[in-house]
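Respectively, the protein sequence lines represent chains A and B. The first sequence begins at 1 in our numbering and counts up one residue at a time. The second sequence begins at 1 in our numbering and counts up one residue at a time.
It should be emphasised that the hints constitute simulated quantities derived from the structure, not laboratory data. Keep in mind that this is a model prediction, so the values were computed, not measured. Heads up, a few of these hints could be off.
DSS-like cross-link-like pairs, simulated, lysine-lysine; straight-line CA separation at most 25 Å [unchecked claim]: (1) Lys33(A) with Lys196(A); (2) Lys229(A) with Lys283(B); (3) Lys220(A) with Lys273(B); (4) Lys273(B) with Lys244(A); (5) Lys273(B) with Lys246(A); (6) Lys229(A) with Lys58(B); (7) Lys188(A) with Lys33(A); (8) Lys199(B) with Lys283(B); (9) Lys229(A) with Lys246(A).
Now the stretches of chain A that chain B is said to cover, found in silico as 3 or more residues with beta-carbon under 8 Å [claimed, not checked]: (10) 85 to 99; (11) 138 to 146; (12) 161 to 175; (13) 178 to 192.
Don't be surprised by glycine CBs; every beta carbon is placed ideally from N, CA and C.
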Amino acid sequence: MDKILVGLKRVVDYNVRVRVRSDGTGVDIDGVKMSINPFDEIALEEALRIRERGEAGEVIVASIGGDETQQQLRTGLAMGADRAILVNSAEPVDPLTAARVFLELVNREQPGLVILGKQAIDNDNIQTGQMLAALWGRPQATFASEVVLDGDKASITREVDVGLESIEIDLPAVITADLRLNEPRYVKLPDIMKAKKKPLDNIPLQELEVESATPIRELKFEPPEDRQKGVVVEDVPALVAVLKDKGLI
Amino acid sequence: MSKVLIIAEHDGTALNPSTAKCVACASALPDAEIHVAVLHSNGADVAAAASGIAGVAKVVQIDHESSEHAVAAAIAPQVVSIAADYSHLFGPSTTFGKDLMPRIAALLGVNQISDVMSVLGSHSFQRPIYAGNAIVTLEAPAGLPVVATVRTASYRAAGSGNNAGIEVVSVDAEIPAHTRFVGLQAGKSDRPDLQTASKVVSGGRALGSAENFDIIYQLADALGAGVGASRAAVDAGYVPNEMQVGQTGKIIAPELYVAIGISGAIQHLTGIKDAGTIVAINKDADAPIFEVADIGLVADLFKVVPELQAALD
Numbered sequence: 001m002d003k004i005l006v007g008l009k010r011v012v013d014y015n016v017r018v019r020v021r022s023d024g025t026g027v028d029i030d031g032v033k034m035s036i037n038p039f040d041e042i043a044l045e046e047a048l049r050i051r052e053r054g055e056a057g058e059v060i061v062a063s064i065g066g067d068e069t070q071q072q073l074r075t076g077l078a079m080g081a082d083r084a085i086l087v088n089s090a091e092p093v094d095p096l097t098a099a100r101v102f103l104e105l106v107n108r109e110q111p112g113l114v115i116l117g118k119q120a121i122d123n124d125n126i127q128t129g130q131m132l133a134a135l136w137g138r139p140q141a142t143f144a145s146e147v148v149l150d151g152d153k154a155s156i157t158r159e160v161d162v163g164l165e166s167i168e169i170d171l172p173a174v175i176t177a178d179l180r181l182n183e184p185r186y187v188k189l190p191d192i193m194k195a196k197k198k199p200l201d202n203i204p205l206q207e208l209e210v211e212s213a214t215p216i217r218e219l220k221f222e223p224p225e226d227r228q229k230g231v232v233v234e235d236v237p238a239l240v241a242v243l244k245d246k247g248l249i
Numbered sequence: 001m002s003k004v005l006i007i008a009e010h011d012g013t014a015l016n017p018s019t020a021k022c023v024a025c026a027s028a029l030p031d032a033e034i035h036v037a038v039l040h041s042n043g044a045d046v047a048a049a050a051s052g053i054a055g056v057a058k059v060v061q062i063d064h065e066s067s068e069h070a071v072a073a074a075i076a077p078q079v080v081s082i083a084a085d086y087s088h089l090f091g092p093s094t095t096f097g098k099d100l101m102p103r104i105a106a107l108l109g110v111n112q113i114s115d116v117m118s119v120l121g122s123h124s125f126q127r128p129i130y131a132g133n134a135i136v137t138l139e140a141p142a143g144l145p146v147v148a149t150v151r152t153a154s155y156r157a158a159g160s161g162n163n164a165g166i167e168v169v170s171v172d173a174e175i176p177a178h179t180r181f182v183g184l185q186a187g188k189s190d191r192p193d194l195q196t197a198s199k200v201v202s203g204g205r206a207l208g209s210a211e212n213f214d215i216i217y218q219l220a221d222a223l224g225a226g227v228g229a230s231r232a233a234v235d236a237g238y239v240p241n242e243m244q245v246g247q248t249g250k251i252i253a254p255e256l257y258v259a260i261g262i263s264g265a266i267q268h269l270t271g272i273k274d275a276g277t278i279v280a281i282n283k284d285a286d287a288p289i290f291e292v293a294d295i296g297l298v299a300d301l302f303k304v305v306p307e308l309q310a311a312l313d
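Work out the full structure: start from the sequences and follow the hints.
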């Protein structure tokens, strides 16, 4: 295939523990470390490996976000993507609008494969890949842990609740990457320098003329209810005694 | 009035308990009439099971050869073909529902509410974001269908003993052939299912190897418990991914959860916050798991886990 399109979302780094703002209007992410969504990194790694095996010509990374999102796209370029597209929107978009934006990119670029992360670790929505596949009228191979391409088909292993499911899909298609699909490479300094010269298209969202979906309104944010801190026992007999006392054993 | 269609999860013979949990969630909608859709090549047995769930007004049985296995691309257009009759479409937040429901939502032109943990009104819900670090209250747009997945750990399964009518429906939908089921390799285990077990023992990175994980299995067997693992243990290759508990794995709510050698990263804690009693065994007294544990034991797991097992045998 000529091209693989990979989505990269800029999210709060997975090591950061976010807190709800005291006025309940959102979560406080001022000044926290931002990164590529970890599952999107896995998606990009898979695309790069496919290209390195000679099964794809070009890997394009795309994101929807403000100017600051160029940082994550540059990281994607440093990992090895050939070029980047930023669909510039200062405001975050909902999953259906994101899927419509990616459909427009698909129409422009005609990739043989779109690989996204299975979920973004900020909103945990788990929607965009499936929605893109639906709008595109193409297969969705969600939660993928193995991808084997064979001409205009692909065999995918999916991580499902009861174990591993194998499916066969026709291409083009949407794949969403699960944790064990691969282990993303580390970026080396010379690659960061090289990435600065790679093309990065900055397209205002309005220019794509994508219809925005009706958003689900976020009325209020609250911290989760804390569990009460419990007791510390000294040894196994004490543990067994407490469990017996609670009727659990 | 809310007219709700729940898409049943099943394996062709048995109904998954997640379906009765969706019914429990839907029952919290004001003035709800609840239908359950069973899609399969021959769904009679599953439809009969669904008709027994308390609170269900009707079972809609849609038989089609393409629904032999739960392929979202084949099932979604069939659901959409009857969706106009409903104000709400619910599915479970299991890999089945997570795969299927957004495809339905997109075909209906709406965003989805993922992981409903609480129903506040016909269009108002609460769900966790940022691995459960925040709970957001949402309002779905009026006049559009509400498509949602239900966080099954937040609900107890609706009861049984009902005998709702079953309507066999044939649908007129264009069903694509571009996605084909090949096989399912289910983890073979006689142990209780992780997602529904009343007791769960989980191991973390501190186990150090796949071989060492044996002591987790042995303790689980002594307790009659299901077995889970932290993402770190899955990542390190000690156990398969279907055992992962947490934000990116399974969200569970057993009566007893025993976390062994698990530090308690937030993404793990979000998967167990509805557990009844959490026991933590870890040699690091500062591990965050002790912040949420009801019973903590600061000790070397390789010493105390066999002791605990011996005490239970």
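Each hint tested on the structure:
no. : hint                     : verdict
1   : Lys33(A) with Lys196(A)  : holds, 21 Å
2   : Lys229(A) with Lys283(B) : holds, 18 Å
3   : Lys220(A) with Lys273(B) : holds, 21 Å
4   : Lys273(B) with Lys244(A) : holds, 22 Å
5   : Lys273(B) with Lys246(A) : holds, 19 Å
6   : Lys229(A) with Lys58(B)  : violated, 45 Å
7   : Lys188(A) with Lys33(A)  : holds, 20 Å
8   : Lys199(B) with Lys283(B) : holds, 22 Å
9   : Lys229(A) with Lys246(A) : holds, 16 Å
10  : 85 to 99                 : holds (count 4)
11  : 138 to 146               : holds (count 7)
12  : 161 to 175               : holds (count 11)
13  : 178 to 192               : holds (count 3)
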